[in-house]
Structures are given as structure tokens and as C-alpha cells.
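Q: Take a look at the letters that make up each chain.
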Amino acid sequence: MKSVNVFVVDDDDIYQFTIGVTLKSIPAVRSTRTFSDGAEALEYIVVHQNDVDELPDIIFLDINMPILDGFQFMEEFIELLPKLNKSIKVYMVSSSMDPKDIKKADRIEEISDYLIKPLNSNDIKEIVAKL
Amino acid sequence: MKNWDIKDLGSDSLFTETIKLAKIGVYELNVVSNEIYWSDVTREITEVPDDFVPSLDNLASFFNEGQYRDMARDAMQEAISKGKSYDLDMEVVTAKGNIKYVRNVGNPKMENGFCVKLFGFLQDITERKQTKVELTKKIQQLNLAEQLSQIGYWEWDILADNIIWSDNLYRIFGLEVGTPIHFERVVEAIHPDDRKTFRENAQEFIDEKRFRKFMHRIIHKDGSVHTVELIGELIMNQHGDVVKMIGTTQDITEHRMSEIKFRGLLDSAPDTMVIVDRKGIIQLINKQAEKMFGYKSSELIDEHVTILVPKRLWDTMEYYAETFFKAPKHTGLPADLDFFVQNKSGFQIPVQITLSPLETSEGLLVSIAVRDITVQKQAAHRIMETNKSLKESAKRLKAQNRQLEEFNQITSHNLRSPVSNLNALLDIYKTEKNSKTKEMIIGKIESVTKHLTWTLDTLVESLLIKKSAQQSLEKSHFDKTLERTKEMLAAEILKTNAVITSDFSEAPTVMYNKIYLESIFINLISNSLKYKAKDRAPEIFVKSRINDGTVQLEFKDNGLGINLKKNGHKLFGFSKVFHRNDDAKGVGLFITKAQVDAMGGKIWANSEEGKGTSFFINL
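Quick mapping for you: the protein sequence lines, in order, are chains E and C. FYI, in the numbering used here the residues of the first sequence are 1 to 131. FYI, in the numbering used here the residues of the second sequence are 1 to 619.
Hints in this document: simulated from the structure, not taken from any laboratory. In this text the structure is predicted, and so the values were computed from the model without any measurement. Note that CB positions come from ideal geometry on N, CA and C, so glycine has one too. Where hints are given, some of them may not hold.
Restricting the straight-line Cα-Cα distance to at most 27 Å, the calculated cross-link-like pairs of lysine-lysine (DSS-like) are [to be verified]: (1) C:Lys-132 to E:Lys-125; (2) E:Lys-104 to C:Lys-570; (3) E:Lys-103 to C:Lys-213; (4) E:Lys-100 to C:Lys-329; (5) E:Lys-100 to C:Lys-395; (6) C:Lys-398 to E:Lys-100; (7) E:Lys-100 to C:Lys-602; (8) E:Lys-125 to C:Lys-433; (9) E:Lys-103 to C:Lys-565; (10) C:Lys-296 to E:Lys-104; (11) C:Lys-565 to E:Lys-100; (12) C:Lys-395 to E:Lys-24; (13) E:Lys-24 to C:Lys-444; (14) C:Lys-129 to C:Lys-96; (15) C:Lys-566 to E:Lys-83; (16) E:Lys-125 to C:Lys-430; (17) E:Lys-24 to C:Lys-433; (18) C:Lys-96 to E:Lys-104; (19) E:Lys-104 to C:Lys-566; (20) E:Lys-24 to C:Lys-213; (21) C:Lys-213 to C:Lys-296; (22) E:Lys-125 to C:Lys-438; (23) E:Lys-103 to C:Lys-570.
Partner residues aside, some chain E positions facing chain C, computed with beta carbon under 7 Å [unchecked claim]: (24) Thr-18; (25) Gln-72; (26) Ser-95; (27) Pro-118.
With the hints as extra help, turn the sequences into a complete structure.
A: Structure follows, in C-alpha cells:
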């Protein structure tokens, strides 16, 4: 089984806590890193762009965040992607069932799927298994 | 010449001179010798050369073959054989080929029962003949003219009560030509209702020695009624007494009928019709015109059409009249002209005008059709009003739609996320064995619940704002509002060393919901304090001005600024924060916008990252 590196980008500390607990319960997840907004996550990726081990395999990306929201993060991330020597799956995660958001996410190729909160451990296991 | 026996004529007598002066030619045929004598006048009439010698052989050439040649031959033969004299009007052909009319009179001289000489006169009657032909032609033309124009001529010898009628007048009266006519016979033919007037007119003309054109009706034997018009003149004797009346009578039934038809047509027209001449003088109006303008026909006829038009529109009217007369044709004045007419009491009526040329014997007239468009105008006005209110409700609906959308977003984000957090926490709680961790989870559940309560409270507040908008409008002084805001934010201002300045000189006060106004001041100024630049003390400037009739407020700071390109669309959204700041809850601008919207105003911002932000509010 692969060991997977997961980034959680979300400003909601309760969500950070709950998903942290869920991820910990999955053996395939080697490490979890949380960021409170898109800008923090991006900064980290830029800094570690040549360090494959530090880069995530999976990003769970929230939409509503200060500074850089999910979509704004994607704009910059897509530009960055060719420089990264790693295939990174991005999952948009939101409590919003707003069709506008879902459609917008659908149009972005680099987003693998749109997931609705809360995520349970089975959902995450499946995603990890797909890698 | 001397051979000729012309003693009978008395050649040297007065007679010879007389016939020469009267242009009467003489001829003589000696039946025995067949010799012919022509006098000078005869030669003149026949236009023969001096050396011409008339003979029985060349006589025929003076008559055209046919009627006149036969007539001449027959007459001569009868005279010679039977001694019969003749008197003929006939055509001759002169030696020069001209046609002339002559009177040819011949008398045979008999001796012992035999004709020895034929003695005759020749008179040139060409001129007289032509005159006669012309006269006949003229009479025929006159007759024709009389018939065509349905005119008859009459002459009344008043003293003898003898009336002479032209043939056509008989026809007009439907009487046999030549029937003897006198005054009472005329009266008999007149429509009973018109007889009295006819008599009175005749008497009046005689008394006043002046004829006045008038009309009456006549009834034919077949019962048909005709209208005639009389024009005449009076003839007086040397004492100035009227002795004769002459004149014409014209059958104007058709005119009259067509006039009646025209009037009928005019009156049945749905529109008001006013007929004016080139100068704008009213000639004729219809019943609808009387109704619309409140004038009687007699009050308007011969008046200038400006009597019906408000003074302010005289120039407009003149302009269109001039255009019309340059090229008279059916012309509708522009529908959007906003033209009015005014009635007798000065009331103005919106109308649509159409001009049409009307060719008459008296020259070009203009028929003006006037259509009252009050109802259309009112309908148009109503449509415009409806349209306006539709637009307003569309605007309102749009605003409500936007609020709904906003609310939808709030529920899907801000209510769902704490609920999903609660679910996730409960899931963990169920599987967690460690009681310490369980306690921590309960603590988190508590904080989520608190946050959820706060979110709901805020939402309720914003809904209340929308509902209770226009309630208490009060006059607020901006300087006082700013003073109170400063007092409430005193601690923050002190801590940040903020400098707050203002200029309310252009618009010192506003009628507004006082609580909202204070809330707007507090939210915007506390935002400026909260999101100040790290390297400088906040400088906040508040200004009021009048912009397009509404009071506008500007809050300008030198703070962090916001990237509006990125975040402009969610600047006033619920729970949107743009800076990493512990205090940021993202409701200040949301509530401010709700308040401004509820009061029918508008709020927007200009900002530059690192330089500062300006908020503008149309109150």
C-alpha cells in the first residue's frame, strides 16, 4: 500500500479537527498538513516545489476562505502545476450545495471531484484507494 | 358692245348706276343668236379676264358639277322653254377657282309665246351667307350651351305680363316649347312651399329696383322636384320705373344634390372637418366640428382658422400650412407633434391633423380633418404609467431575487457548514473511547453551536433590517453621528493612534433611519481601524456631498486595501473575510449593505492593495 501525503486547506478549525481525526484513522495516510487559507497552502507548495516528498498527493480544498479562496487558489495552482514533478489530485470540498459552485468546479479540469461536507472515513478511504 | 340691245335696261339711266353701286351684275342671253352679254359687275363677281367672252359652252364651268350646275341648267331651260322666271341662291365657281354665293334672278322676255331673251341679275351674297351660317352656328352653340349648363333665358315684360322663354327654359320647366307663359303660369310650376317667397321676391325686386340671386324649386308633371337658381337684371323706362326683368334660370338640382351629398358626407365623417381657403378663412365645417369646438357653423364661417388654435401653436400651424401649399397633397401631420385645438371656452384638446387639397371652382381649398386623440393620449399615458410600474416591480423583483440568492448562499455555506461540523464531531464522539478526548469534542460541539446561534442571530437581524426599512426617518447631523461613533470606538482609536477628519459642509444633514446611519458609521470606521496598514497609523476621512440630488457619503482610509478584482463580487457577502484577522467575522459590510439597500440606496468601494479603501454610499 502506498503512503499518501494529504493537504487540508480550510479556514474552519472544527473541520480541520474532524478531518484530521478521520485521516489519522486511515493507515495509508502517511501525513496530513492543514492550512487556513489558499495563500498559506500555495506558499508552502512554492517553497517546496522541488521536494517531491513534501508535496501532497491529495489536496482537500475548501471554497470559502479568506485571502485566497478555493477557486483563486486553483488559478495559481494550475500555473504552478507543470513545474511540479508530481501528480496531485485536488478535491473541492464544501458544505455548499450551490449548483453555481458545483458547475464552476466541474469546468476546472484539474479538479478531480466536488465533495460535500462532512466527509466520512469511507469516502476518504475510497479516494486514497483510487490513487 | 354696241351690238347689244340693252335699251331695255336704260344703260345711261340712274338705274345703271344704282345697280353698279349695289354690286349687282347683269347678264343677258339672246336666245336666237345664243349670244351672251355680261356687265362689268358680273365679270367682277365671276373674276374673269377682260377678254373673256361668255358663251353657252363655257357657262357650265362656273358651276360645280352636281347640285348647282343642274340647278342652273334646269332654271335656264325652264325659263327658255316655258317662260318661267327664277330666283336662286347658289354657289358659283369663279374663273380663279373661288367659291362664291350668289343670288341669281332670271326673267325671260317672251314674244309670241316664245322666249327671245333671258335677262338676269347676279348678286354676290357670300358675306351675307357666311354671316347667316355663323349666326346659325352661334344659335346652335348657344342652345347647346344652355342645354349643357342647364340654363334658360327669360324676359318678363312686367306691364303686359308677357314672358318670353328660351327653348331650354321650357325644357327645364318640363313644358312644351312654345307654351304661352305669364307670371301666374310660372308660379303654377313652382313647388307650393316656394310660391310665396317667389312672389315676394318678384315684388321686392321691383320695389327696390335691384335683383338678388335666389333659388326655388319646381315640380315637373311627372312629380320630380328640381331646384333652379335665378340671376337677373331690371330694365327701367325713362321715368325710372321697372318695366322689364330679364335673366337666366339655371337648373342646379345636380349641384344642389351633390352639395347635399357632400354635406351629408362631411357630416357623416367621424372626424371633425374644417374647410378653409388659401388664406385660412373657414369656408365650411361639419356637425362634428360644431360639437368639438362648441361654435355654431355661422359663428365660424368667414373667421380665420387661428380662432381654433392656441396661440402658442400658431407658428407650428403656419409652418405646416406653408409646406402644404408648396405641394398640396394629402398630408398627415406627424403623430408625435403634440398638436392641440381649442374650443369656444378655451379648453385645449389634443388632436391628430390631416390636410387634404380640395380643388373647387373657387380655387384650392384645404380640408382639415381633426381627430380628437384625448383617449389615445390617456391610453398612451396609462401604458407609460403601467410600464413604469412594471419596470419598478421588475426592479423590485430583481432586488428580491438577488436577496433570495444571497440568502440561498448564506444557508448553503454558513448554515450547512456548522451543521456538517456537528455531524462530523458527533461521529467521532461515538467512536472515541478516550473520555478526555470526548470532553474536548463536547467543547468543540459547544463552540460550533455558539457560532451557529450567532449566524442565525445575524441572519435574523439582516432580515429585520430589510423588513423595517423605511420606518423612522429622522434628521441626522453627520458631525453629531461621527462624534458618537468616535465615542463608541474610543478605545480602538486610542490604541491605533487613528486620525479621523471630516467635511460635511456640502451636505451637513440627511433624513435617514438614525440607527442605520450610526451602524453604517460604526461598521465602516471600525473596518478601517481593524484593517489598518501595519506600518502606519490609520487616517480616516469622512465626507458628505450632494450627487445627482442624493446625499452621498465617502469613507476614505489609508489601510490595507482589498484586491477588488479578485474579491469585489463578495465584498458585501455574508461571512466573507479578506484578511487574516482574528476579529474578522465578515458581517460588518453585509449588515451595512442590508441597511443601505433597505433604504433604497447604494454602496460600493474603490480600493488599492497597500494604499487604502474608499467606500461610497448613496443614502
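Q: All the hints need checking, so say for each whether the structure fits it.
A: Each hint tested on the structure:
1. For a cut-off of 27 Å, the pair hint linking C:Lys-132 to E:Lys-125 is broken: about 138 Å separates their Cα positions.
2. The suggested pairing of E:Lys-104 with C:Lys-570 holds, with an alpha-carbon distance near 16 Å, which does not exceed 27 Å.
3. With a C-alpha separation of about 97 Å, the suggested pairing of E:Lys-103 with C:Lys-213 is violated against the 27 Å cut-off.
4. Among the hinted pairs, E:Lys-100 with C:Lys-329 is inconsistent with the structure: their alpha-carbon atoms are about 64 Å apart, more than 27 Å.
5. A hinted pair counts as satisfied when its Cα atoms are at most 27 Å apart, and E:Lys-100 with C:Lys-395 qualifies at roughly 23 Å.
6. For the hint pairing C:Lys-398 with E:Lys-100, the CA-to-CA distance comes to about 18 Å; that is within 27 Å, so the pair holds.
7. Under the criterion of a C-alpha separation no larger than 27 Å, the hint pairing E:Lys-100 with C:Lys-602 is consistent with the structure, at around 25 Å.
8. Annotation: proposed proximity of E:Lys-125 to C:Lys-433 holds, straight-line Cα distance about 22 Å (limit 27 Å).
9. Annotation: proposed proximity of E:Lys-103 to C:Lys-565 holds, straight-line Cα distance about 21 Å (limit 27 Å).
10. Among the hinted pairs, C:Lys-296 with E:Lys-104 is inconsistent with the structure: their alpha-carbon atoms are about 78 Å apart, more than 27 Å.
11. A threshold of 27 Å between alpha carbons decides the hint, and for C:Lys-565 with E:Lys-100 the separation of about 19 Å falls inside it, so the pair holds.
12. Of the pairs offered as hints, the one joining C:Lys-395 and E:Lys-24 is violated, with about 53 Å between alpha carbons and a cut-off of 27 Å exceeded.
13. A distance of roughly 18 Å separates the Cα atoms of E:Lys-24 and C:Lys-444; the hinted pair therefore holds under the 27 Å criterion.
14. Between C:Lys-129 and C:Lys-96, the direct Cα distance comes to roughly 20 Å. Compliance with the 27 Å bound is thereby established for this hinted pair.
15. At most 27 Å may separate the alpha-carbon atoms for a hinted pair to count; C:Lys-566 and E:Lys-83 meet this at roughly 24 Å.
16. Taking the CA atoms of E:Lys-125 and C:Lys-430, the gap is near 19 Å; set against the 27 Å cutoff, the hint holds.
17. A hinted pair counts as satisfied when its Cα atoms are at most 27 Å apart, and E:Lys-24 with C:Lys-433 qualifies at roughly 15 Å.
18. Restraint check for C:Lys-96 and E:Lys-104: not satisfied, since their Cα atoms lie roughly 121 Å apart, outside the 27 Å limit.
19. A hinted pair counts as satisfied when its Cα atoms are at most 27 Å apart, and E:Lys-104 with C:Lys-566 qualifies at roughly 16 Å.
20. About 126 Å separates the Cα atoms of E:Lys-24 and C:Lys-213, which puts this hinted pair outside 27 Å; it is violated.
21. Between C:Lys-213 and C:Lys-296 the CA atoms are separated by roughly 25 Å; this keeps the pair inside 27 Å, and the hint holds.
22. For the suggested pair E:Lys-125 and C:Lys-438, the alpha carbons sit about 24 Å apart, so the restraint of at most 27 Å is met.
23. Proximity of E:Lys-103 to C:Lys-570 is assessed by CA-CA distance (about 18 Å); at most 27 Å being required, the pair is judged to hold.
24. Interface hint at E:Thr-18: satisfied, since its Cβ lies 4 Å from the closest Cβ of chain C, which is below the 7 Å cut-off.
25. With its C-beta approaching chain C no nearer than about 6 Å, E:Gln-72 sits inside the 7 Å limit, and its interface hint holds.
26. Because the closest C-beta pair between E:Ser-95 and chain C is about 4 Å apart, less than 7 Å, the hint holds.
27. Proximity of E:Pro-118 to chain C holds as hinted, the smallest CB-CB distance being about 4 Å (cut-off 7 Å).
Hints 1, 3, 4, 10, 12, 18 and 20 from the earlier list are contradicted by this structure; the remaining hints agree with it.
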